[in-house]
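**Student:** One line per chain: the protein sequences are A and B, in this order. So the first sequence is numbered by the working numbering: it starts at 2 and just counts up by one. So the second sequence is numbered by the working numbering: it starts at 2 and just counts up by one.
Derived by calculation from the structure, the hints in this document are not laboratory data. Check each hint, because a few of them may be wrong.
What the hints assert, rightly or not - Taking lysine-lysine pairs in the DSSO-like style, the calculated list, with each CA pair at most 30 Å apart, reads:
hint: 1; chain 1: A; residue 1: K183; chain 2: B; residue 2: K416
hint: 2; chain 1: B; residue 1: K27; chain 2: A; residue 2: K34
hint: 3; chain 1: A; residue 1: K34; chain 2: B; residue 2: K34
hint: 4; chain 1: B; residue 1: K207; chain 2: B; residue 2: K183
hint: 5; chain 1: B; residue 1: K183; chain 2: A; residue 2: K455
These numbers come from a predicted model, not from an experiment.
Each chain, letter by letter, is given below.
2 protein chains.
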Amino acid sequence: FSLIFTNCPCSLPFSDIEISRSCIPKPIDQVAKEIGLLPDEIELYGQTKAKVHLSALKRLKNQPDGKYVVVTGITPTPLGEGKSTTTIGLVQALGAHLHQNVFACVRQPSQGPTFGIKGMNEISDMFCVLQFNLHLTGDIHAITAANNLVAAAVDTRIFHELTQSDQALYNRLVPSVNGVRKFSEIQIRRLQKLGISKTDPAALTKEEVNLFVRLDIDPATITWQRVLDTNDRFLRRITIGQSPTEKGFSRTAQFDITVSSEIMAVLALSDGLDDMKKRLGRMVVASSKRGEPVTTDDLGVTGALAVLMKDAVKPNLMQTLEGTPVFVHAGPFANIAHGNSSVLADKIALKLVGKEGFVVTEAGFGADIGMEKFFNIKCRYSDLRPNVVVLVATVRALKMHGGGPAVTAGIPLPKEYTEENLQLLAKGCSNLSKQIQNARLFGVPVVVAVNAFKTDTKAELALVVQLAKEAGAFDAVECTHWAEGGKGAVALAQAVQRASQTPSNFRFLYNVELPVIDKIRIIAQQIYGASDIELLPEAQEKVAVYTKQGFGNLPICMAKTHLSLSHDPEQKGAPTGFILPIRDIRASVGAGFLYPLVGTMSTMPGLPTRPSFYDIDLDTVSGEVNGLF
Amino acid sequence: FSLIFTNCPCSLPFSDIEISRSCIPKPIDQVAKEIGLLPDEIELYGQTKAKVHLSALKRLKNQPDGKYVVVTGITPTPLGEGKSTTTIGLVQALGAHLHQNVFACVRQPSQGPTFGIKGMNEISDMFCVLQFNLHLTGDIHAITAANNLVAAAVDTRIFHELTQSDQALYNRLVPSVNGVRKFSEIQIRRLQKLGISKTDPAALTKEEVNLFVRLDIDPATITWQRVLDTNDRFLRRITIGQSPTEKGFSRTAQFDITVSSEIMAVLALSDGLDDMKKRLGRMVVASSKRGEPVTTDDLGVTGALAVLMKDAVKPNLMQTLEGTPVFVHAGPFANIAHGNSSVLADKIALKLVGKEGFVVTEAGFGADIGMEKFFNIKCRYSDLRPNVVVLVATVRALKMHGGGPAVTAGIPLPKEYTEENLQLLAKGCSNLSKQIQNARLFGVPVVVAVNAFKTDTKAELALVVQLAKEAGAFDAVECTHWAEGGKGAVALAQAVQRASQTPSNFRFLYNVELPVIDKIRIIAQQIYGASDIELLPEAQEKVAVYTKQGFGNLPICMAKTHLSLSHDPEQKGAPTGFILPIRDIRASVGAGFLYPLVGTMSTMPGLPTRPSFYDIDLDTVSGEVNGLF
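Please put together the full structure from these sequences, using the hints given.
**Tutor:** This is the structure:
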């Protein structure tokens, strides 16, 4: 289907803000047809977006997969180093310029931060080169709805258990309808879990009724939070249940941003409707007072969650400005979750591009976080094996790692970053070397993409290329897609093509059957450069709890700052010899990982004094949106 | 376009739960074509839903409007008396059976209650006869996002004002970008509102800077609440801002269900994109400490709200099981808002059906609430004039009004309701008579639709028909659409046709320029049968505040129970001589009404002990949803 690229007259740079307006996209059903989807495999959402049915994957199951490329980066400045635009530049170069079948798979940006600090939403960069609306096809809204249904079910269940006798609860949970009482399917599953094989509600003993009706949730153990896709800092800690109707059963709770919901991670890791439903049902929301995990299935809510998420599971097809197909699907947090777009989008794209084609997918944050999780979590669940790692680096970030002054959003860059300084740069390449080494730990060839800014000098760019190769990169290439669009990433695309011909000897970093502590230590030592880890008491306790509850064999999803290889954002370069402190450990059992907290993670951003919404406007005559990017 | 009706082979009853699955709908683009929409006037959302561009209204502006029919009801039991199904039955009869061009305009159901108590979501009945998914096209989710952006902006603004000097605020609100400081458009509007005509940020005096940077919101006056489309009773009263990052600035707040957001009312009353944006900008969120209203425009958020709502403003086209076109658009609360579907859907539909066609729109709750607001608020803003009122009555509800025992959801009906009882029925027709009289106050002919249940006897049905005619109804007709689909409403459709030929002498009940108290008194006395009203101190104070702030000339949207003509849900029939207490008054300035609170309104439902989600499931092989209705 390379037709769709050669058809396109334009090769647009990304630097022009007016672009996504001036370039008229092809109707998305035409894109779908060109890439080999059947008419009944897509659902249109307007002219520029379509959902792709999972039936496409079934139809193509005997097709060979294309080449699988993951884009990651060095440890970034707070401004981000251009992974998203490199992803798009690379697919445009592979497609429009080298005439390969190609697909980009990217994350859906969270809406909340769009109205916060301009330029601080890493993923939304992407959208200056895509046609979109803020709600996309509503996947994140579906997650909000599903997540908050669980939250309401948790608190209401506790309330009803505290205010009713066993018998009253039983009468309500298993009511007589036209004189007949029977268990619903989900209640029979709960009985089975309790080891009760009876199916006649009248046959349960008093003790069995007690076990059945009482989830007996210990409020102190609730890990399920409410979510909103809004930057609302006043919801970071709240007290709920203060209306007289709740009779004094108030407790401390919090709202997180929707993309941090476990349901987002479930969406991203599911490999089908059935798998998603199973994961949605085994999410753990709290422990009972007896210390057993209480799941969404225990709450009776699995089916409703699956219904709420049944459309969200279908990947969203869009296109770049140059007509290259893109899946925008799922966008889990990159710290408390794994920060990668969906398994399903990658799988469908790999079938669609065919054996010689390329799927370029992006992993959030730097290689120590997003890429490590891409390999150890996403690839473990998807069974997909990557062929090439593209590691994005900038002279700016490397100078920072070499000891340059702080880089802060909204404040002009100090002169170290706008004038040539080979010394700072050479020193900072320690971070690049370490991240190249991190990728090679997994047995995959690394191509370094040096994302060039206009203030970078020739000597600076050459130095990065040289040091990258010395550190073991398969190749290192200067890219100018920001200024030139796909054309500026042709050399990168050629390097990726060559790298994809070399054998990949992919291996996981650890065996999931190892004890929790060992798995954490392996990541800390081998990826971060720590000498050891230290578990604070809360973390130690959780290791015991989760191991006892049977979750010890889940992969590990480190919740660590992305601004340093260590736990301290101030430590730049490639620090060594530090002890990584593990403050606490949480479990996303439905998604399928444990997440150790290294320091404090903010899961609800705030709005600044002058939020970006001051510049956002709708022209009510033309319908155009202004000021969004 | 009557083709679409004669084409349809089926005339399906509503009583079969399997129906909306077995009947294969036409592709929605075919429906759109048949009703005269152009291809570029629709945006598909899958095969069964499409959004209709407002450009259609512009193209058709010189077309004459069709006949405008509003469906309302007597004072209902808590089970509802079938307004929604009568609406659909009527359009199917007019279309598929009498071959008229016809459109139904209905409200979008709230998602929250769908997972709560089965059968308690009045509007969702509708959807057993429509193809749909729970999220529809995401309009309610867009409202959640827009509403909560305002809420976050309010609290964050208060926080920033409390923690920063005038100069610090000014530097951040009007930052220097590349050495240049300038006001954004929305900031210039604020300056104009403050009477400052300067446009150079350097030219403001210290006093002017102070006025500009300080909205000076009085937290005690905040009327803007957060919303979720989830039945989450634990959010009815909460304390927010308890994280250390908020430095102790906590306050009591609450979440309401999304459909109660003023933005929903704005959506429903807007007559175009520009009108919606203006309404979104003039919503009042609080008063300043100086007693002035603080608006969304003062917060700088108008443009962002318009961007979030730009797709929601387009009506959603769907179809009934018999292929009749339906707009599902907006669903404001019927107590604290006006409870009617959108002005835009009605307007577009009236153009599409042509002069001889019919648009049937539904008003929430009984005629004393939904219909009164339909006339006095919706028709006032839309300038549309109704031709016929259809008043739905049931023998069951009339017996309750005659003194029958309580009717409760989930509990079998007492025998008074399943056996003939002409005495109770005749007595209860006082409610029917009063509601007929209420409709006639507006000068519009009334057709009574007696929604027949299988336990109703011939004598009972005949008695209702007789008494309805005696009370001044143009006609009264027995309907059996629940059992027979459109066929069961043919007699009703014929009566509506005849009624629409009679001259309608529409008049408003009150002049908006009357004092607030007079307007409330007119509604209470003429519609409810009260002898007078009584304003409690809080309400008296608000009359003074709103009159002073310039909102005294808005129409009135009574927030009263729908279970009685009076304020007391236990008072059935047609009570008279009571004093209607007004507890408080609130303002929806953007939507454009004041809403007096008669008693306490719950704006956040809860989940019962056994929520309906226990029965809801997704078949992951077929993709079918089970147990939703």
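**Student:** Indicate, hint by hint, whether the structure satisfies it.
**Tutor:** Each hint tested on the structure:
no. : hint            : verdict
1   : K183/A / K416/B : holds, 26 Å
2   : K27/B / K34/A   : holds, 22 Å
3   : K34/A / K34/B   : holds, 23 Å
4   : K207/B / K183/B : holds, 17 Å
5   : K183/B / K455/A : holds, 27 Å
Checked against the numbered hints given earlier, this structure breaks none of them.
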